[in-house]
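These are the residues of each chain, in order.
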Amino acid sequence: MSEVRFTDQHEWVRLDDDVATIGITRYATEQLGDVVFVELPDNGRKVGQGAEAAVVESVKAASEVYAPVAGEVTEANAALVSDPAKVNADPEGEGWFFKLKIADRNEFAKLMTDAQYKEYVKGL
Amino acid sequence: MAQTADLKQTPLYALHCALQGKMVPFAGYEMPVQYPAGILREHLHTREKAGLFDVSHMGQAFLRGDDPAAALEKLTPADVRGLKERQQRYALLLSDQGTIKDDFMVARLAGETALFLVVNAATKFSDFAYIAERLNGLATLEPQPDRALLALQGPKAEAVLSRLIPGVAQLGFMQIAGFDIAGADVVVSRSGYTGEDGFEISLAAKDAEGIAQRLLADPQVLPVGLGARDSLRLEAGLCLYGHDMDEKVDPISANLAWSIGKRRKIDKDFPAAPTIMEKLFNGTPTKRIGIRPDGKAPAREGAAITDRSGRVVGQITSGGFGPSLNAPIAMGYVESAHAADGAEINLIVRDKALPAHVVPMPFVPHRYKRSR
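Read top to bottom, the protein sequences are chains A and B.
Counting along the first sequence from 1, when you hit position 24 you're at 24 in my numbering, and nothing is skipped either side.
Every number in my numbering is 124 more than the matching position in the second sequence, counting from 1.
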């Protein structure tokens with residue numbers, strides 16, 4: 001049974017057992033505009049919570065994607081490198097960025113729920 | 125919002141909102157950075173068909189008097205006196221030290237001694253003050269805050285505008301003339317900031333929305349925001365003032381020596397002419413160049429440029445993604461020893477050295493329609 005949580009930096013995290021899949025939210029893609037480049041972390045890289053893990057660039061600007069939870073990178077979405085437009089087309093599905101084997105489930109539990117995130121975005 | 129309280133709006137503000145433009149502060153105005161189509165589509169549509177841009181934030185002025193060209197030549201190295209009727213020219217506004225205060229367009233309208241100027245939005249008030257105080261009674265500067273400016277750019281621009289202005293196709297690149305659109309007086313020049321064929325249409329603020337609507341009603345035309353305007357001009361190798369040149373840079377380092385008139389070079393009668401001519405003959409320590417990163421990662425303004433050994437030799441002044449090339453592009457300044465086409469350089473992006481090459485500009489060939 002997977003569960004999805006959100007950060008105030010507009011990343012989403014889906015947890016399946018101890019593997020977290022991470023991407024950016026539709027709100028984030030709408031703010032960014034057309035994505036033209038992504039830089040993804042290498043497998044095996046250990047990232048702390050809040051660390052810069054990936055980069056997403058639109059025509060206008062570059063933004064960091066932060067690791068919402070600490071863990072070890074197990075997979076990056078190579079399809080985004082050749083087709084960055086997938087991030088805009090399906091940000092919370094095919095446009096996922098990377099997967100982490102998470103270190104601490106409590107970090108995940110403290111992130112925003114879907115309802116909390118929606119409320120947060122409304123206030124922006 | 126508090127931070128937008130001091131921002132001005134162009135006569136097309138209501139139209140931008142109706143078109144769901146994403147409004148951002150730019151040069152003191154609330155301007156659309158993009159519309160729902162997005163920067164990529166707006167950019168590609170302009171190269172393929174036609175894009176309509178609101179550039180009413182730019183500064184327009186008439187320079188009137190007995191000899192406005194002579195007055196203006198005190199401040200620019202362009203050949204202004206040699207402008208024929210209906211001709212427009214790119215020019216640099218120079219400081220006393222011969223550095224670039226702005227770039228602008230100057231035109232002579234048919235049947236008038238007056239010159240028509242279009243200067244950059246962010247610098248318009250300082251430009252107008254600077255010009256006005258240096259006219260020495262030879263001319264009078266009349267800023268036109270109640271005029272709007274539209275740009276219609278792209279290969280279909282001629283066909284689209286011809287439907288409103290039969291005869292506009294007679295204008296060649298960098299020609300300008302007055303026309304009438306359903307009773308509205310407009311001044312149309314065949315020029316722009318995209319590298320494409322196209323027109324800029326100067327008109328009274330009250331007429332702007334109606335004429336913009338008529339242009340947008342054509343299925344070939346998409347509204348285009350400042351985001352695509354920037355990517356289009358970068359692909360065309362055109363400078364953005366305040367980024368690719370400013371008051372610290374001279375025309376030779378900026379690779380804009382072509383804007384110095386031939387007669388002006390002989391007469392050496394423009395600001396800091398001896399200094400600038402010396403640079404023209406002997407070269408400058410740094411030079412503006414075009415850059416193609418070897419990989420896919422864009423390098424942005426401010427990124428350091430190094431040689432292959434890692435020594436810093438310059439800096440990027442404009443950089444991003446070129447939608448028509450589907451690749452990153454940039455321009456910047458490097459030490460002249462590294463400025464030759466094909467020179468191997470590195471760009472420092474997120475602490476990594478990314479290999480790149482110096483390339484000729486424009487990145488995308490210009491498609492201007494010169495007069496036959």
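Calculated from the structure, these hints are not laboratory results.
What you are looking at is a predicted structure, and each value in this text was computed from that prediction instead of being measured.
Be a bit skeptical, because a hint or two may be false.
[Stated by the list, open to error] Capping the alpha-carbon separation at 20 Å, the derived lysine to aspartate or glutamate pairs in EDC-like fashion look like this: (1) 420/B with 83/A; (2) 46/A with 220/B; (3) 476/B with 16/A; (4) 420/B with 42/A; (5) 110/A with 17/A; (6) 198/B with 282/B; (7) 101/A with 30/A; (8) 476/B with 64/A; (9) 420/B with 17/A; (10) 403/B with 459/B.
Structure-based check of all given hints:
1. 420/B with 83/A: holds (12 Å)
2. 46/A with 220/B: violated (57 Å)
3. 476/B with 16/A: With a Cα-Cα distance of about 34 Å, the restraint between residue 476/B and residue 16/A is violated, given a limit of 20 Å.
4. 420/B with 42/A: holds (17 Å)
5. 110/A with 17/A: holds (17 Å)
6. 198/B with 282/B: violated (36 Å)
7. 101/A with 30/A: Distance ~29 Å between residue 101/A and residue 30/A Cα, so the pair is violated.
8. 476/B with 64/A: holds (15 Å)
9. 420/B with 17/A: Violated, at about 35 Å.
10. 403/B with 459/B: Between residue 403/B and residue 459/B the Cα gap is close to 14 Å, so the pair holds against 20 Å.
The structure is inconsistent with the numbered hints 2, 3, 6, 7 and 9, although it conforms to all the rest.
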